[in-house]
Each structure stands twice: as C-alpha cells, then as structure tokens.
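Peer 1: Please take these sequences and the hints and turn them into a complete structure.
Protein sequence lines correspond, in order, to chains A and B.
Going by our numbering, the residue at position 106 of the first sequence is 106; the numbering climbs one at a time, nothing skipped.
Going by our numbering, the residue at position 55 of the second sequence is 55; the numbering climbs one at a time, nothing skipped.
Keep in mind that the hints were calculated from the coordinates and are not lab data.
Ideal placement from N, C-alpha and C gives every residue a C-beta, glycine not left out.
All the given hints hold, so there is nothing to weed out.
Just a few of them, taken from the derived set where beta-carbon distance is under 7 Å, the chain B residues facing chain A:
1) Ser-102
2) Ser-103
3) Glu-120
4) Leu-121
5) Leu-129
6) Leu-132
7) Arg-135
8) Ala-149
9) Asp-168
10) Lys-198
11) Ala-199
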Amino acid sequence: MSQPPSIEPSERQPGILVARGDWTLAHAATLLALLEVAPESAEDIDGRDIGRLDSAGAMMLSRYAVKVGLGLATVEVQPAYQPLTGTVQAICENPRRVKRTDYGFREMLARMGFAVEDYTRETLALVGFLGLTLKTALGVLLRPARFRLTPTVHHMEQVGLDAVPLVLLLSFMVGAVIAFLGATVLRDFGAEIFVVELVGIAFLREFAVLLTAILLAGRTASAFTAQIGAMQSGEEIDAIRTLGLDPIELLVLPRLVALLVMLPLLTFIAMISGIAGGLAVSVASLGMTPEMFITRLHETIEVRHFWVGVSKAPVFAMIIGLIGCLEGFQVQGTAQSVGERTTSSVVQTISLVILLDAFAALFFMEMDW
Amino acid sequence: MSTEAADAAELAIRVRGLRNAFGEQVVHEGLDLDVRRGEIIGVVGGSGTGKSVLMRAVLGLREPQGGRIEVLGVDALSDRARASGVIELNTGVLFQNGALFSSLTVAENVSVPLKEHYGELPADMIHDLAMLKIRMAGLGEDAGAKLPAQLSGGMRKRAALARALALDPALLFLDEPTAGLDPIGAAAFDALIKTLQKALGLTVFLITHDLDTLYTICDRVAVIGDRRVLINAPLAEVERFDHPWVQDYFHGPRGRAAQAARAKEA
Chain A
1 MSQPPSIEPS ERQPGILVAR GDWTLAHAAT LLALLEVAPE SAEDIDGRDI GRLDSAGAMM
61 LSRYAVKVGL GLATVEVQPA YQPLTGTVQA ICENPRRVKR TDYGFREMLA RMGFAVEDYT
121 RETLALVGFL GLTLKTALGV LLRPARFRLT PTVHHMEQVG LDAVPLVLLL SFMVGAVIAF
181 LGATVLRDFG AEIFVVELVG IAFLREFAVL LTAILLAGRT ASAFTAQIGA MQSGEEIDAI
241 RTLGLDPIEL LVLPRLVALL VMLPLLTFIA MISGIAGGLA VSVASLGMTP EMFITRLHET
301 IEVRHFWVGV SKAPVFAMII GLIGCLEGFQ VQGTAQSVGE RTTSSVVQTI SLVILLDAFA
361 ALFFMEMDW
Chain B
1 MSTEAADAAE LAIRVRGLRN AFGEQVVHEG LDLDVRRGEI IGVVGGSGTG KSVLMRAVLG
61 LREPQGGRIE VLGVDALSDR ARASGVIELN TGVLFQNGAL FSSLTVAENV SVPLKEHYGE
121 LPADMIHDLA MLKIRMAGLG EDAGAKLPAQ LSGGMRKRAA LARALALDPA LLFLDEPTAG
181 LDPIGAAAFD ALIKTLQKAL GLTVFLITHD LDTLYTICDR VAVIGDRRVL INAPLAEVER
241 FDHPWVQDYF HGPRGRAAQA ARAKEA
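Peer 2: Structure (structure tokens):
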C-alpha cells in the first residue's frame with residue numbers, strides 16, 4: 001500500500017531529479033538517509049510522481065530543494081498537494097532563529113542570584129503570612145461567631161484522629177530501638193536499669209514531639225498544600241475573595257486551630273507509646289518486670305521533662321500549619337507547580353522543625369529546665 | 001452493493017447502532033453516523049446529549065455498550081489491538097481545555113508524539129518538525145520555548161492544535177475549539193482550521209456550540225438529539241429540518257444573527 005520514497009535523475013534529462021513514492025512521516029528516517037546521498041545540485045526537481053505527501057515530507061523536500069539551490073516553490077507537485085507545499089514553504093523558507101540558552105559561568109551566577117532572591121522572598125512571605133494569620137485570628141477572637149467550628153472539627157479528625165495508629169506504631173518502634181541500644185551499651189557497666197531513664201527522658205523531652213511533628217509535616221503539611229493549591233489553580237481562592245470572604249479565616253484558621261489542638265494530644269500519645277516500647281524491650285530482654293519499670297519511672301522522672309516536651313508542640317503545629325497553607329497559596333495553576341510546592345512545604349517544615357528543636361534543646365539545657 | 005462498498009471506502013468514520021449508557025442513564029441508542037473523507041463535519045446538540053461521549057467512543061477512550069464503529073476502514077471495537085495503533089497514528093485530538101502537559105514547553109508538548117512513534121529520527125529533526133507544526137498553528141517561533149501556563153487562552157488552543165497535528169493525522173477531532181475565545185480570536189481560529197484542512201487534506205470532526213463556526217467552515221452538520229443522530233446533511237438542509245430543537249437552535253436569535261452575517265459575507 002505504501003510506496004518507499006525515492007529521488008533520482010530523470011532518464012531523459014539527467015539534470016532533472018524525479019521524486020517518487022510516499023514522502024510521509026512514516027518514511028522520515030528513510031528520506032533523511034536518502035537525501036544525504038542525493039545529488040548536490042539539480043536544475044529542477046519534479047514532484048508530480050510523489051504518491052502521498054504530508055507536512056514532514058514537504059519539509060524535507062523543501063530543505064533539499066534549498067540545499068541544491070532551488071526552493072520548494074519551483075518543485076512541481078500534484079495539484080492536491082499545492083496548498084500544503086505553499087504553507088510549508090512559507091514557514092520553512094523564511095526561518096526565524098531563536099537564540100540558544102547560554103549555560104556558562106554567568107548563567108550559574110544568575111541562577112545562584114535567583115535562588116538567594118527566592119529564599120529571601122519566601123522567608124519574608126512566611127513572616128508576613130504569620131502576621132496576617134495572627135491579625136485574622138485576633139479579629140475572630142473579638143467576634144467568636146465568625147469562627148468556623150465544623151471545618152475545624154473535620155480537620156481535627158483528619159489531622160489528629162486518623163494519624164493515631166501511625167503515631168502509636170512508629171513511636172512504639174522507636175522506643176523499643178532506643179531501649180535496645182541503651183541496654184546494649186549500659187550492660188557493659190552493669191547499669192541496665194538506667195534504660196528506664198533513657199527511654200523516659202528521651203521520649204518526654206525530645207522524641208515524642210519531634211517524631212509527631214515530622215510525621216505530621218509529611219502527612220498534613222503536604223495535604224494542606226495540595227488542597228489549597230488545587231483550590232488556587234481552580235480559581236476557587238479568587239472566588240472566595242470576590243464573594244467577600246476571607247480565605248485566611250475560611251481555610252487557614254480552621255486548619256491551624258486543628259493542628260494546635262491535635263499536635264500536643266498526639267505528642268502525649270507518642271510519649272506513652274514510646275515508653276511502652278521501651279518497657280516491652282526491658283521486659284522481654286532485660287528481665288525486668290513491668291512493675292519495676294513503672295516504679296523506676298515514677299521515682300526518677302520529673303514532670304518538668306513532660307512540660308519541656310509538650311511546650312514545643314504548639315510551636316511545631318504553627319510551623320506545619322503556616323508553611324503548609326502558605327505554600328498552597330503560592331501554587332501557580334499547573335500540576336508541576338502543585339508538585340513543587342508540596343515538596344517544598346514538606347522539606348521546609350521538616351527542616352524547620354528539626355532546627356528549632358535543636359535550638360530549643362540547647363535553650364532548655366542552659367536554663368536547667 | 002457496489003455503491004455501498006465504494007461509499008465505505010470514502011468514509012473516514014462509520015458508526016452503526018451505537019449504544020452508550022452510564023448505568024441506568026442511556027446517552028445513545030441506535031446511533032448511526034457517517035463522516036466522509038476530507039470534509040469538516042460539525043457535531044451539534046444540546047448540553048448532555050453526548051457529543052463528547054460520541055467522540056470518546058470513536059477514539060476508543062470509552063467502551064460503548066453496543067454497536068459498531070469503523071475508523072478509517074478499521075473496525076475499532078472488535079479488532080482492538082490493531083485499531084488502537086491505526087487510531088493513534090492517524091488521529092489528532094484537540095481537547096476542550098487543550099490538555100497540554102503543563103510541565104513541558106510548547107515545543108516539547110508537540111515533540112511528545114513524534115518522539116514516541118518516530119524515536120529513530122534525530123533530535124534536531126524532531127525539533128524542526130515540532131516548530132513547523134507550531135508555525136502552522138499560527139504561533140511565533142518564540143512560543144516554542146514557553147510553558148502552557150505562560151500562554152493566553154487562544155495561544156494555548158493553537159499550541160494544542162499543533163500537538164494534535166504532530167503526526168500528520170488524516171483525522172482531526174476538535175472538541176469545542178472556539179469555546180472561551182473572543183469573537184475575533186474565534187473567527188481567526190475558524191479560518192486557521194479551514195486553511196489547515198485544505199492544506200493537509202484533513203477530515204475534521206468538530207464538536208461545537210458556535211453557530212458562526214458552523215456557518216463559516218462546516219461542510220456538513222450532524223445534529224445529536226433523542227439519543228441518536230437526527231440529521232446529518234449540509235447546513236441548508238439541516239436548517240429546514242422539522243424538529244423542535246433544530247428549529248430553536250437555527251432560528252433562535254443567535255442562529256438568525258449568524259445566518260445574517262453569513263448572508264452578508266456571501
């Protein structure tokens with residue numbers, strides 16, 4: 001059905017090249033090879049015997065015609081293909097070149113500059129967003145009727161209740177691992193009993209809140225960004241504004257309040273579960289009884305450790321909620337942008353949470369709390 | 001008998017007894033449609049009459065509940081494996097919202113089908129072919145490096161059209177190409193479709209609500225209603241067709257305005 005293309009000198013007039021066969025995209029590779037070895041010059045090209053011609057074939061014919069010093073306009077084709085060759089000739093033989101992108105040293109400097117500018121802008125945006133949210137929160141405090149309870153409870157369920165199994169499991173595992181590590185090291189000193197303090201203090205002060213915050217950064221900050229980002233690209237946020245509603249009051253405050261309530265509660269669950277993990281390992285491999293473990297815990301662990309740990313929870317909740325929502329608002333309509341913003345929100349929240357936790361640990365140590 | 005066979009060879013799309021249903025809700029029942037090679041057929045119908053469903057069924061994006069569909073002489077339903085190859089290589093689709101890949105530039109968007117099906121071609125050849133299609137769709141050379149989000153609505157439609165033309169298809173499906181364009185942009189787009197159809201010898205299946213499009217570029221018009229094709233004929237004949245919806249459509253205020261505009265041009 002389809003004829004392979006060819007181009008060769010005419011038998012009667014060797015100066016004239018005759019093109020035959022199908023000059024179509026399906027034969028593009030053959031054509032490309034064919035035109036490589038075709039004569040370098042010709043008086044004329046006869047295209048009347050071309051069976052089928054499409055725009056890819058016409059483009060290659062045009063290139064070849066230009067190469068041998070003619071133009072597509074001089075190539076005669078079947079009347080049915082004249083509109084096509086006309087169109088292709090008008091486009092291909094009036095080329096306008098665009099400048100290539102430059103990948104040199106200057107480009108690198110420029111990209112570094114843009115990156116620095118980006119970070120500065122994002123930091124400013126975050127601080128600005130914090131201020132805006134606090135201002136809106138204050139407004140809602142003055143007029144409590146405007147607080148949206150139903151969405152808040154809905155987010156509490158999604159952020160808090162639905163995360164309980166995950167928090168329980170992961171904290172238990174980490175608690176068990178710490179107890180195991182502690183037991184291995186402390187055994188050399190005959191001080192296995194100190195595993196209780198190790199697990200207790202580690203979880204109450206640091207690990208429970210840190211683990212929960214990292215989990216929620218991955219689970220909740222990303223969800224917030226994607227939800228608000230999808231609304232942003234669907235122009236829903238603009239619709240909210242034109243309807244005289246405040247997107248911060250409507251979308252951000254319920255999420256933030258839900259996080260502020262649920263993160264400390266989840267932290268508490270993580271503490272209990274982590275200590276339970278430690279207890280399980282102590283009982284199973286150190287020969288302690290559960291009573292011994294709990295009595296030791298009561299005797300040695302002061303309640304201040306609990307307060308140090310749990311006091312960080314609201315701060316982390318703010319970070320997760322604010323960054324998650326802010327990144328959502330910065331989505332720019334494309335699927336690509338939603339992906340980038342979600343990644344950026346998770347990366348930012350996790351790094352900020354860990355960074356702040358490190359500073360807090362130093363601070364509390366210095367204060368002797 | 002012989003005329004039947006000759007007709008079949010001239011048909012780009014042949015649909016017989018098509019049935020489409022979503023659960024209880026039947027959209028098409030016993031729908032017949034013929035699209036001849038080299039014509040622009042306008043498919044019209046009220047909202048919810050299943051114009052897009054018909055297009056999706058012909059393209060194989062949706063399995064109908066019954067009937068026969070032949071695209072370019074290939075049975076699209078029973079010989080699925082062969083049909084999907086033929087349909088992919090020989091059809092281009094312009095979706096309602098363009099459906100450009102938002103993470104790729106316009107030139108990359110147009111190159112996607114070329115790279116997929118003709119991967120053996122050198123990269124600069126593919127790039128040149130993509131740029132040819134972009135220029136054919138009426139965009140400037142600089143549009144190639146832009147992302148879809150950086151284009152206006154009309155330019156996005158043109159970019160999507162360039163991608164639909166990438167493989168030099170014989171059949172072009174357009175789903176409401178002028179929706180969302182201003183009248184001047186819509187008229188320019190209509191003219192572009194007509195020019196390309198002539199230059200490339202395309203068969204165009206065009207779903208539209210735009211009466212001006214029907215009057216300016218369509219060779220024939222198929223009206224979908226009551227779950228089937230009510231009439232498939234040149235416009236003058238369709239206008240006279242005795243059906244309440246058709247009468248309302250062509251003789252309502254907008255229909256009369258489009259007719260008048262057409263009469264003035266002629």
